[in-house]
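Student: Chains as they are written, first to last, in numbering that gives the first Met the number 0: chain A, 0 to 368; chain B, 0 to 274; chain C, 0 to 542.
In short, the hints are calculated from the structure, not lab data. Quick reminder that beta carbons are idealized off the backbone N, C-alpha and C, glycines included. Errors might be hidden in some of the hints.
Derived lysine-lysine pairs resembling PhoX-like cross-links, with alpha carbons at most 20 Å apart [as the list claims (entries may be wrong)]:
#: 1; chain 1: A; residue 1: K183; chain 2: B; residue 2: K262
#: 2; chain 1: C; residue 1: K23; chain 2: B; residue 2: K262
#: 3; chain 1: C; residue 1: K339; chain 2: C; residue 2: K434
#: 4; chain 1: C; residue 1: K302; chain 2: C; residue 2: K461
#: 5; chain 1: C; residue 1: K10; chain 2: C; residue 2: K23
#: 6; chain 1: C; residue 1: K7; chain 2: C; residue 2: K78
If you anchor each label on the Cβ, the simulated ranges turn out as follows [unchecked claim]:
#: 7; chain 1: C; residue 1: R63; chain 2: B; residue 2: S8; range: 27 to 33 Å
#: 8; chain 1: B; residue 1: G97; chain 2: C; residue 2: E207; range: 51 to 57 Å
#: 9; chain 1: A; residue 1: V126; chain 2: B; residue 2: G97; range: 33 to 39 Å
#: 10; chain 1: B; residue 1: S8; chain 2: C; residue 2: G144; range: 55 to 61 Å
#: 11; chain 1: C; residue 1: D79; chain 2: A; residue 2: D182; range: 30 to 36 Å
#: 12; chain 1: B; residue 1: S173; chain 2: A; residue 2: F348; range: 37 to 43 Å
#: 13; chain 1: B; residue 1: A45; chain 2: A; residue 2: S120; range: 53 to 59 Å
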Amino acid sequence: MMESGPLTGPVPTDGSADGTHPRPAELSGVPAKPNPADGEIGGTFWRRFTFRRPLAALILQRLGLSVGLLFAVSLMISGGIEALPGDFATTYLGQSATPQAVENIRKDLGLDKPWTERYLSWLGGAVQGDFGTSWASKNSVGEQIGKRLGNSLFLAFFAALISVPLAVGLGMLAVQFRNRLPDKIINVVSLAAISLPEFFVGYLLIMFFAVKYGIATFPATVYDSMSFTERLSAIALPVATLVLVVLAHMMRMTRAAILNVMSSAYVETAELKGLSAFRIIAKHAAPNAVAPVINVIALNLAYLVVGVVVVEVVFVYPGMGQYMVDAVTVRDMPVVQACGLIFAAFYIFLNMAADILAIIANPRLRHPR
Amino acid sequence: MNLRSIPFSAWVGIAGIALAIFCAVFAPVIAPFGERDVVGDIWLPAGGDFLLGTDNLGRDLLSRLVYGARTTIFVALAATVLSFSLGMLLSFTAAVVGGFTDQFFSRFNDLMMAIPTLIFALVVLAVLPQHLWILILVMAVLDSTRVFRIGRAVALDVAVMEFVEAARLRGEGSLWIIFREILPNTLSPLLAEFGLRFAFSILFLSTLSFLGLGIQPPSADWGGMVKDNKDGIIFGISAALIPGAAIATLAICVNLVVDWLMKRTSSLKGGRGDA
Amino acid sequence: MPEMLSVKNLKIEATSYPPGEPPKVVTLVEGVSFDVEKGKVLGLIGESGAGKSTIGLSALAYGRGGVRITGGQVLLDGKDILTLDKNGIRSIRGARVCYVAQSAAAAFNPAHRLGDQVIEASVRHGIMSREEAKKRALYLFRVLGLPNPETFGDRYPHQVSGGQLQRAMTAMALCPNPELIVFDEPTTALDVTTQIDVLAAIKHAIEETHTAALYITHDLAVVAQISDDIMVLRHGKTVEYGTTKQVIEAPREDYTRALVSVRQTKRDEAADQTGAQLKIEHVSAGYANGFKVLHDVSMHLPKGQTLAIVGESGSGKSTLARVITGLLPPTEGRISFEGKELPRALKGRSNDELRRIQMIYQMADTAMNPRQTVRDIVGRPLSFYFGMHGQKKSERVKELLDQIEMGSRFLDRYPAELSGGQKQRVAIARALAAKPELILCDEPTSALDPLVAEGILNLLLKLQEETAVSYVFITHDIAIVRAIADSVAVMHRGRLVRFGPKSKVLSPPFDDYTDLLLKSVPEMEIGWLERVLKTRRMESAGN
Chain A
0 MMESGPLTGP VPTDGSADGT HPRPAELSGV PAKPNPADGE IGGTFWRRFT
50 FRRPLAALIL QRLGLSVGLL FAVSLMISGG IEALPGDFAT TYLGQSATPQ
100 AVENIRKDLG LDKPWTERYL SWLGGAVQGD FGTSWASKNS VGEQIGKRLG
150 NSLFLAFFAA LISVPLAVGL GMLAVQFRNR LPDKIINVVS LAAISLPEFF
200 VGYLLIMFFA VKYGIATFPA TVYDSMSFTE RLSAIALPVA TLVLVVLAHM
250 MRMTRAAILN VMSSAYVETA ELKGLSAFRI IAKHAAPNAV APVINVIALN
300 LAYLVVGVVV VEVVFVYPGM GQYMVDAVTV RDMPVVQACG LIFAAFYIFL
350 NMAADILAII ANPRLRHPR
Chain B
0 MNLRSIPFSA WVGIAGIALA IFCAVFAPVI APFGERDVVG DIWLPAGGDF
50 LLGTDNLGRD LLSRLVYGAR TTIFVALAAT VLSFSLGMLL SFTAAVVGGF
100 TDQFFSRFND LMMAIPTLIF ALVVLAVLPQ HLWILILVMA VLDSTRVFRI
150 GRAVALDVAV MEFVEAARLR GEGSLWIIFR EILPNTLSPL LAEFGLRFAF
200 SILFLSTLSF LGLGIQPPSA DWGGMVKDNK DGIIFGISAA LIPGAAIATL
250 AICVNLVVDW LMKRTSSLKG GRGDA
Chain C
0 MPEMLSVKNL KIEATSYPPG EPPKVVTLVE GVSFDVEKGK VLGLIGESGA
50 GKSTIGLSAL AYGRGGVRIT GGQVLLDGKD ILTLDKNGIR SIRGARVCYV
100 AQSAAAAFNP AHRLGDQVIE ASVRHGIMSR EEAKKRALYL FRVLGLPNPE
150 TFGDRYPHQV SGGQLQRAMT AMALCPNPEL IVFDEPTTAL DVTTQIDVLA
200 AIKHAIEETH TAALYITHDL AVVAQISDDI MVLRHGKTVE YGTTKQVIEA
250 PREDYTRALV SVRQTKRDEA ADQTGAQLKI EHVSAGYANG FKVLHDVSMH
300 LPKGQTLAIV GESGSGKSTL ARVITGLLPP TEGRISFEGK ELPRALKGRS
350 NDELRRIQMI YQMADTAMNP RQTVRDIVGR PLSFYFGMHG QKKSERVKEL
400 LDQIEMGSRF LDRYPAELSG GQKQRVAIAR ALAAKPELIL CDEPTSALDP
450 LVAEGILNLL LKLQEETAVS YVFITHDIAI VRAIADSVAV MHRGRLVRFG
500 PKSKVLSPPF DDYTDLLLKS VPEMEIGWLE RVLKTRRMES AGN
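Excised from the complex, chain A in its bound form (with noise of 0.2 Å):
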């Protein structure tokens, strides 16, 4: 442990520290300082802004990502199952329909129109919330998925609610009790955690406490009447199951977060000048470790919005999952496209909004030279 491996070897003095090469960015995407001696800085509007004021100019480039990763994303939703072998005419009547049957329901469906028209249409109604309407029930898409995305939202609101803390603090606690006995436990079950399904936990938890003792309902259903503690009552397991779900990811990867700034060299700093350990950790751990844990719980909630599609076909829960698992098994195009495009969405969202937050909390960008 003294001499690491032999890829690190001894410490070069000075050639490792050769300002030749570009340096690598602290963040990808940080635009290389040019030295002040070599060139001026100039150029385009952008290259100046870039240069003044990388904060912005880092978190419009994000924006920007995204808004075209989404573009992209429903590009390739409606153009790939364009490219994807099988009719849906053919699927949506079966196999044996007649030829003119077939016909008829593709010009009904505005099949026989070519797929950039179809595709430029979509996306012009899809911006507006305009999902065309359902093969199979002829309901309008965009109706149905504003109330279940409603129902979605709530069920990942309290999950989120209550798994973050929790997770957050079971971090510190493993890292307070590094390579003890508390830490070994939360390593152990939280790997035991992370390898069990969904449906497996969701199930679990109805036998016990729907059907066994009673004190939870099932099916978790929810209607306009009901008033918001009925709500709660009915979302009670399916929340417990998401934060199980969620839980354990979120806790191992706050652990390593929180970890590695522990390591660091300034915290070292900190106990070389004899300060006291709750100073250490809230003075100087914690605000370099709360971009790395925002980065975690961002990252895990976009896995907690996929995560509500199985959780809400486990409890026959209404919502946005239950909608498209439904509409996958009858094929009905409009919805599934609609409930995948939002999907995407919020995990591109939730992804950016973990970037940004991020860069924002990093006081090199925060405070440029």
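Following the hints, position chains B and C against chain A.
Tutor: Relative to the frame of chain A, chains B and C by itself:
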């Protein structure tokens, strides 16, 4: 490699995986009844002729569990091997060739990863006909995005090392550089990653089957068995929990081995090792 | 005079966890004793792994990672701090004993302003009020010669340069008026021209504040400038302990003598330097992002001779090596070898062109594939360039190992099983295997301990005599240049400052930069720092 240096937890994992593979290989020999034979009443309790009871159609649960091991492990393993080969090939090519190729592969990969795997799978499976090989292919392609990301990172880590530069200066071709200089130095982390992807594939396949989009009945597979028996839960019948527990146990076992592999990798950093 | 710090019979251990083996306890330091009086500086010197830092941190009763102090006493003002409880130790750290780390860039918290970090310990320990501490920090910023001392404290660590950070770290250590400061290689990460300023600032600050200090370094010439006493350490044990004068001028032990007289290797330059095996003409180069690193560089090297390229970090010397190899094609200019222009990019060069120019790296660790044996590493160029295999190849590998003075028992070892010097020798053998006409050496000795480095230099010279190979030797070390070069090129910020035969380049009249560079290299001579500073003051007064 020293057998005694393997920790207890990893032994548990190895034993679990070995048992599952044993069941998968010798399923017809072990299983007391046939995979699809209706042998009794529905949802009989455990004990008697049927060690774990019967399922929603009156088939022997234990037999289906044993056959299910076969399907689940085969499909998950095939998808993992495929995704790994694909991801590794593309990521190493991207890392070694660099330039436009790298940019193109990486940006496309970012795009694929911008859609959550499950959602992507749902969209694609809604369109494609239901075939076993299509399922495997979809799983493999989606998973290979993750393999690509880690493979590229690992390969780039090694590719910037001076010994790779030295090989380039010598005039070695890309094949030599990939297979003789880079690959041997990335085996340990990639092995751990393979385990991780395998555990993920088991869970993912089970989830798809549970949602009715994976392996189609009457073939037995663990996720599908949960789906078949889920209605019994309300009546207090735990038949759905048994295949669920099997999935969880196998995933935990794989993760225990992966955990050990990862620790071993980090303590080995560049050392010789025999991996 | 009473001793401020008295260390008696110190023993320090750590537990190591080799993969696949049971953990074992390693002794890092054993039987080390020394005293430091008030206002005096003790220099701790030794190679990497000699236990210097570990000893330094024991003065704060601190062990890094799993390091434990298991024996002996550390008496601070007569009281053993190793027997103190947690709170007792805390009341000493940052108040009575302070620490200056090697890498100030990592040791400052990126989230807080420098000023707040500098005064934190003083205020927290109740030594002075916030206002007093701020005043003292301002005073210290002035003493240490920091620019704009009034506003310096408002900056964040990433907003100031490395040399300034190192001085700020010294200010942080001096702020609470400690009885003892531990300096852990405070100038090692800096360039020579920056090092001299920091060194002078530290020396001045110690004199001003009458604190006692432990000064840890691997550079005897540096420690000779700043310390009153010197302790030489090796493998965690004391080799020699005496006054600076005695250790530098009359070393008692062989090891110390070798350290003092290092780089006795001397070679006169070749008389005839007219030929040009390698010719670099008006080369400019830069990276894809438009950042230009080399500006119109021209130089040449006759066959069988050595061209040394000197410069600090950022001078472009390593980039020039990359341009010669073709890894980084030049944007302008041409490079010719044996009268023939070399294709700019690596891809355009034939195997024979590649064979004739070989390269040796600074870090032999990363320059060799950890999963290949010495046999594979040295053998590969033989089969690649000459199609050798089997018995013939094996014989040749053995010959090469003999040539680098290692012998065939190393054939089946992996790089991890070799020492730093042996690895560098194997790297040289790999280069030799190609029967090159030119070897580019990129700081091949700067990561090695002085004695080992000396051996490598001698080997390179011997090989040059035997095979008439030419060297382009990239270094920041003027002493090495003096020892081995025929011609010298001085580079600064991507431009060639001076080029010619060694005797001309290294003797006056100098240009400003070469002058600064040469004067900044510490010499193994007591009073060198004062002398340089004095001439500097006179010069600036004269201007």
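Student: Please go over all the hints and tell whether each is borne out by the structure.
Tutor: Results of checking the hints against the structure:
no.	hint	result
1	A:K183 x B:K262	14 Å, holds
2	C:K23 x B:K262	19 Å, holds
3	C:K339 x C:K434	19 Å, holds
4	C:K302 x C:K461	16 Å, holds
5	C:K10 x C:K23	16 Å, holds
6	C:K7 x C:K78	12 Å, holds
7	C:R63 x B:S8: 27 to 33 Å	29 Å, holds
8	B:G97 x C:E207: 51 to 57 Å	54 Å, holds
9	A:V126 x B:G97: 33 to 39 Å	38 Å, holds
10	B:S8 x C:G144: 55 to 61 Å	57 Å, holds
11	C:D79 x A:D182: 30 to 36 Å	33 Å, holds
12	B:S173 x A:F348: 37 to 43 Å	39 Å, holds
13	B:A45 x A:S120: 53 to 59 Å	57 Å, holds
No hint from the list above goes unmet by this structure.
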